[in-house]
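S.K.: With these hints in hand, go ahead and build the complete structure from the sequences.
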Amino acid sequence: MDESAAESPPDRASGSASAPPVTREPSSGELQAAAEDEETNDAFKAHKRRSRVQLATWGDVGEDEPPRRRSRNVVNYSDKTQGPKTSDLIVAELEFAAASSGLDLPALATRIAERTKKENKEKIPPHFSAIRQSLIGLLRSGRVRRRLTVGQPHGDTTAEAALALLVLNTLQVESDIAAPWSLRPREAVHARGAALVGRRVEVWWEGDGTFHSAAVEAYNETGGAFGRGKTHTVVYSDGLRCEEDLEGPGEPALWRLLEEEAAGVEEEPAEEEAEEEEEEEERSAETVWPQPRLEQMHSVATIRNNLPITSAEASTFQVPPGWTAEQVPGSRRPKWRWVQRDAEGAVRRSFERREQLEEALEREAIASGGAWLGQLGGGVWEIRPKAVLPALAQVLKRLTAIGQVSAVLPQQSGKNQLMYIISNRYFKGVPFPRKERSEEKKEEEKEELCDLELERQRNMARNQELLRMLGLA
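Under UniProt numbering, the first residue of the sequence shown is numbered 1, with each subsequent residue one higher.
Everything labelled a hint here was simulated from the structure, so no lab data went into it. These numbers come from a predicted model, not from an experiment. Be aware that one or more of the hints could be misleading.
[To be verified] Taking lysine to aspartate or glutamate and the DMTMM-like style, the derived pairs with C-alpha atoms no more than 20 Å apart in a straight line are:
# : residue 1 : residue 2
1 : K415      : E206
2 : K386      : E355
3 : K85       : E114
4 : K386      : E313
M.R.: Okay, here's the thing in structure tokens:
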């Protein structure tokens with residue numbers, strides 16, 4: 001018999017007893033892997049056990065322990081991170097301000113920015129959009145009242161007076177004098193020439209980028225610096241004495257009367273006026289007023305686009321005051337010339353073309369220290385395009401000086417040019433009585449496709465109405 005066959009393992013089917021299996025000891029790597037699996041299973045079981053306990057005891061509340069979910073405090077993180085509300089800051093600034101003079105929108109924004117700078121120790125520009133939005137709600141609630149700046153004709157029909165009224169009308173919002181939050185408008189200070197002597201003003205220094213206070217010492221009607229008259233001698237707080245062109249096109253570009261000087265002409269404080277208008281507020285309480293419109297900043301170009309400037313040639317302009325249009329005798333065809341005569345009727349000057357006369361008037365105005373303002377008549381402003389900007393600059397300079405318009409600097413407005421805004425005054429008021437929610441009527445605002453164009457059309461319509469009132473339409 002073959003030895004290999006004798007040594008072969010027995011057949012499993014034969015049922016004979018088989019040899020016991022050979023056992024092998026695990027290696028060290030296998031032992032380590034098994035230990036890690038066991039630790040993982042134990043951690044997983046403990047996690048499931050804790051989860052079951054939490055789910056079972058989630059709704060259980062002890063006898064002396066209040067529910068955790070119900071005792072959570074509501075935290076307003078916006079108040080903690082952003083500080084006081086803008087509306088509260090506005091009311092606080094109006095409390096600090098003089099009750100008779102109030103504050104305009106640029107002054108409010110600047111004061112709040114300066115106060116924020118002191119608290120945060122960093123320079124923050126005025127946030128005009130936030131101030132405007134907050135003022136809308138404050139006006140509707142009655143916590144703030146507003147007095148619109150309205151120009152008065154005073155019987156002055158000169159081009160400068162008419163242009164000043166047109167510019168104010170363009171910058172102003174739609175009148176809401178009958179609204180409960182509106183106070184009666186009052187006149188601004190109209191001091192010029194020698195009337196400024198003894199007054200305190202603030203003069204803009206371009207190099208420093210700020211206003212400096214000074215006292216007007218004298219008015220130089222003739223003589224003056226560089227042989228030009230109509231200037232003012234001012235003395236600054238540091239003792240510097242300068243001759244400033246306050247009413248002409250020269251330096252300074254901006255100046256204004258100090259707040260206390262402008263407030264000196266107020267007839268009565270705002271508190272007394274608020275008491276007088278209490279009955280009017282009660283009568284108008286039942287009226288549903290639209291959302292108040294707030295003034296906006298305008299550039300000189302925007303103001304220009306809202307004025308009725310003629311598109312005709314200078315040859316069709318009307319005859320300026322002091323001149324007459326005379327037909328040249330002996331000409332085959334009708335020919336005209338523009339003549340200026342003295343008191344005795346002698347011809348002083350004459351021009352054969354209307355364009356030549358217009359150019360001469362522009363040169364004379366510049367030589368006298370001003371700007372040619374053109375003429376208003378027939379519902380249009382007759383002026384050549386190149387003379388529009390100097391004329392507007394002179395009118396805006398005057399309106400800024402008397403406090404009816406505020407000039408917003410580029411570093412304050414964020415624009416790349418000087419902006420202008422009308423100086424409507426805001427005062428601290430008393431909140432209106434709140435109505436029941438069921439009595440409040442919901443306002444249905446009309447959909448506006450283009451707010452800027454609609455505002456421009458309203459401005460143009462108001463300007464035309466103003467010209468009709470002045471008899472210049």
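S.K.: Give a verdict on every hint.
M.R.: Outcome of the hint check:
| no. | hint | verdict |
| --- | --- | --- |
| 1 | K415 - E206 | 17 Å, holds |
| 2 | K386 - E355 | 13 Å, holds |
| 3 | K85 - E114 | 16 Å, holds |
| 4 | K386 - E313 | 13 Å, holds |
Hint compliance for this structure: every hint is met.
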